[in-house]
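Here are the chains, one letter per residue:
Number of protein chains: 2
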Amino acid sequence: MAPATIPKTQRRVVLANRPAGEPSGQDFRVEDGPVPEPGPGQILVRAIYLSLDPYMRGRMRDVVSYAPVVQIGEVMPGGIVGEVMKSNHPNYAVGDIVEERLGWQEYGVSSGTARKIDPTLAPISTANGILGMPGLTAYFGLLEAGQPKPGDTVVVSAASGAVGQVVGQIAKLAGCRAVGIAGGPKKCAFVKDELGFDACVDYKAGGDLTAALKAACPDSIDVYFDNVGGPVTDAVFANLNFWARVAICGSISQYNTAETEFGPRTPGFFVGRRVTTRGFIVSDFLTRFPFAMARLGGWVRSGKLKYREDIVDGGISKAPEAFIGLLKGDNFGKRQVRVGPEPAGLPKF
Amino acid sequence: MAPATIPKTQRRVVLANRPAGEPSGQDFRVEDGPVPEPGPGQILVRAIYLSLDPYMRGRMRDVVSYAPVVQIGEVMPGGIVGEVMKSNHPNYAVGDIVEERLGWQEYGVSSGTARKIDPTLAPISTANGILGMPGLTAYFGLLEAGQPKPGDTVVVSAASGAVGQVVGQIAKLAGCRAVGIAGGPKKCAFVKDELGFDACVDYKAGGDLTAALKAACPDSIDVYFDNVGGPVTDAVFANLNFWARVAICGSISQYNTAETEFGPRTPGFFVGRRVTTRGFIVSDFLTRFPFAMARLGGWVRSGKLKYREDIVDGGISKAPEAFIGLLKGDNFGKRQVRVGPEPAGLPKF
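Line by line, the protein sequences give chains A and B.
Heads up: the first sequence runs through residues 155 to 503, numbered per this note's numbering.
Heads up: the second sequence runs through residues 155 to 503, numbered per this note's numbering.
Where hints are given, some of them may not hold.
Below, in silico cross-link-like pairs of lysine to any residue (SDA-like), each with a Cα-Cα straight-line distance of 25 Å or less [to be verified]:
id, chain 1, residue 1, chain 2, residue 2
1, A, K303, B, S437
2, B, K482, A, D216
3, A, K303, B, T420
4, A, K358, B, F416
5, A, K368, B, T414
6, B, K303, A, P418
7, B, K368, A, V223
8, B, K303, A, K358
9, B, K368, A, E415
10, B, K303, A, D216
11, A, K303, B, D438
12, A, K368, B, F416
13, A, K482, B, T420
14, B, K482, A, E415
15, A, K368, B, S219
16, A, K482, B, R213
17, A, K303, B, F416
18, A, K303, B, K303
19, B, K303, A, T420
20, A, K368, B, F423
21, A, K482, B, P418
22, B, K303, A, V223
23, B, K482, A, G426
24, B, K303, A, R428
25, B, K303, A, K368
26, B, K368, A, F439
27, A, K303, B, I435
28, A, K303, B, S219
29, B, K358, A, T420
30, B, K368, A, E413
31, A, K368, B, P339
32, B, K303, A, L440
33, B, K368, A, K482
34, B, K368, A, K368
35, A, K368, B, Y220
36, B, K482, A, S437
37, A, K482, B, S219
38, A, K368, B, V217
39, A, K303, B, K358
Simulated from the structure, these hints should not be mistaken for lab results.
A quick note: this is a predicted structure, and the numbers were derived from the prediction, not measured.
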């Protein structure tokens, strides 16, 4: 394949202000920058799909966490699926499809850490989703932190999201009853009818969420995979079974709060029910990624795992708006931005 | 040994009212009742020491938990160390010292479940404390839920209490740095100077408890054994290390609250630090009690485990006042009530 034309400049999105609460468009700046030249051992990658994920809100805070803080003026961090445009590295050829953390920009260089993607397995965008970080998060969070047993009731919040949809389907593969929590009838219908969860509770329906969960989980909840925190999680906790496990993956309800929110203290319940909670990060399981990825890939290929993506068109400059919407839950499936076209000739699915 | 005179009637303490908040003397009633006659396979036990424990507050609530609710007019539940006065059971002889859950009364019958105590090992009152439920709670809670590793910093709240004093000493045996939290300089000095903890933080000293814990735990906190919950626990959480384990044993700060208290939501912290919390009850480890008891007994005999008891004189009618005080933390060591005299001839220690 002849190398495509590579421009001299590119567009990228940097952090302009540090928002106290909900981010707005003014907290980001779309700017022009040079297309970098790959050095020895490096490759130049053109972004095709930018992954947008809730964890990015945490990077915007000036609080040292498990990952570095984004400085004002720095390119927003994020994973992309892209095409190798130049290669000074023996493992990569021009035209290869790779996944790498290049950030919110059209072009970037990688020093041999990019993951090569097999475009014959599934659409390449899945490398940002079910066959990428979100899929691995679901796999390890559910199976390691959640420890599901056949017959367990597994509840996952943000059930139609990138991680949640995979959690419930793996729970089914593990012989569990899978119950989702999602916002609105459309998402709930998808979770139940298309992904095959046993039930889905609409947290936006109004009324008593604790009672709705009780109705959907008559044998109580053995495993809770928490993506949201806050009052939704309170309602789940009230329905936890004896010996329940809670995998704490995320808490999107808290990401935009300027001040720490307060919630009920219920330590006595955690003792009486012998609840175990475990916070985890997908990279804790790094050494086992290839194993899990092969398993996820097999399930996708055989149709045992379905997925839904929510791809926003319009290029990298749409990323701020798409991200702000994601934090509000306006995505329906794994949100990505189409930064540029797929190369011609990729298999169709 | 000739059987002692057994009266026809006895004193006992029943629940008179269900308190909404802090219990008062009027929530209990001291009354007379018959001394029961042991049936076939039963023994009659005379209480010598009544154990008072924070968990009893939970039994007074009309909420189904891991144990039955005490009904109004029923004898308050509790463990005692006592003397076998009559025996219709082949495993027990008159004069045996036993530990059994007879409740707040002077006499009761047991159907073969009483634990026989070796009075040559340690004072018989220890069967309510370090060589009883509190000691086992410390042993299993720390070692199983807490999973301490040599070099870890282990923090325990209510450090001079029945459970806390054992937790810190076992942490030392496990090669850890042991830091207590206790109320007042007298308790803190005891924890540090007599029990051999590395440090003890006085939560009543005023000032910034989070900062005081940071000073006492310069390498952060790897294991927290929580007996108290509430703001003290918040201050510990702020100092948890990556991969910390929290053994949730109790939450005495919450036992007298009429309404659920609110505290800060910090799920993001639990993810970033990969904290595991685990609620447990000592009876979860029932099958391993004999093993743990032998080990605790060996450590007590060899002087590796020290202990302090807080024995209230005046008979069973003093139990309500002694219990109300326990909930306020006015005990100094394992609180018990001396219900009746020890039999003559027990070894002295």
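Comparing the hints with the structure gives:
1. A/K303 to B/S437: 23 Å, holds
2. B/K482 to A/D216: 40 Å, violated
3. A/K303 to B/T420: Roughly 28 Å between the alpha carbons, so the hint for A/K303 and B/T420 is violated.
4. A/K358 to B/F416: Between A/K358 and B/F416 the Cα gap is close to 24 Å, so the pair holds against 25 Å.
5. A/K368 to B/T414: 21 Å, holds
6. B/K303 to A/P418: Since the Cα atoms of B/K303 and A/P418 sit roughly 32 Å apart, the hinted pair is violated (cutoff 25 Å).
7. B/K368 to A/V223: Judged against 25 Å, a Cα distance of about 24 Å means the pair holds.
8. B/K303 to A/K358: 45 Å, violated
9. B/K368 to A/E415: 24 Å, holds
10. B/K303 to A/D216: 32 Å, violated
11. A/K303 to B/D438: Roughly 19 Å between the alpha carbons, so the hint for A/K303 and B/D438 holds.
12. A/K368 to B/F416: 23 Å, holds
13. A/K482 to B/T420: At roughly 20 Å apart (the allowed maximum being 25 Å), B/T420 and A/K482 satisfy the hint.
14. B/K482 to A/E415: 29 Å, violated
15. A/K368 to B/S219: 18 Å, holds
16. A/K482 to B/R213: 43 Å, violated
17. A/K303 to B/F416: 33 Å, violated
18. A/K303 to B/K303: 29 Å, violated
19. B/K303 to A/T420: 28 Å, violated
20. A/K368 to B/F423: 29 Å, violated
21. A/K482 to B/P418: 22 Å, holds
22. B/K303 to A/V223: Roughly 31 Å between the alpha carbons, so the hint for B/K303 and A/V223 is violated.
23. B/K482 to A/G426: This hinted pair holds, its Cα atoms lying about 22 Å apart.
24. B/K303 to A/R428: Measuring from Cα to Cα gives roughly 22 Å; hence the hint holds.
25. B/K303 to A/K368: 40 Å, violated
26. B/K368 to A/F439: 30 Å, violated
27. A/K303 to B/I435: Distance of about 22 Å is within 25 Å: holds.
28. A/K303 to B/S219: 24 Å, holds
29. B/K358 to A/T420: Given pair B/K358, A/T420 holds - Cα atoms ~23 Å apart, limit 25 Å.
30. B/K368 to A/E413: 23 Å, holds
31. A/K368 to B/P339: The hint is violated at about 48 Å.
32. B/K303 to A/L440: 23 Å, holds
33. B/K368 to A/K482: Given that 25 Å is the threshold and the Cα spacing comes to 37 Å, the pair is violated.
34. B/K368 to A/K368: With Cα atoms ~42 Å apart, B/K368 and A/K368 exceed 25 Å; violated.
35. A/K368 to B/Y220: With Cα atoms ~20 Å apart, A/K368 and B/Y220 stay inside 25 Å; holds.
36. B/K482 to A/S437: Distance of about 45 Å is beyond 25 Å: violated.
37. A/K482 to B/S219: 37 Å, violated
38. A/K368 to B/V217: 18 Å, holds
39. A/K303 to B/K358: Not satisfied, since the Cα-Cα distance of roughly 45 Å exceeds 25 Å.
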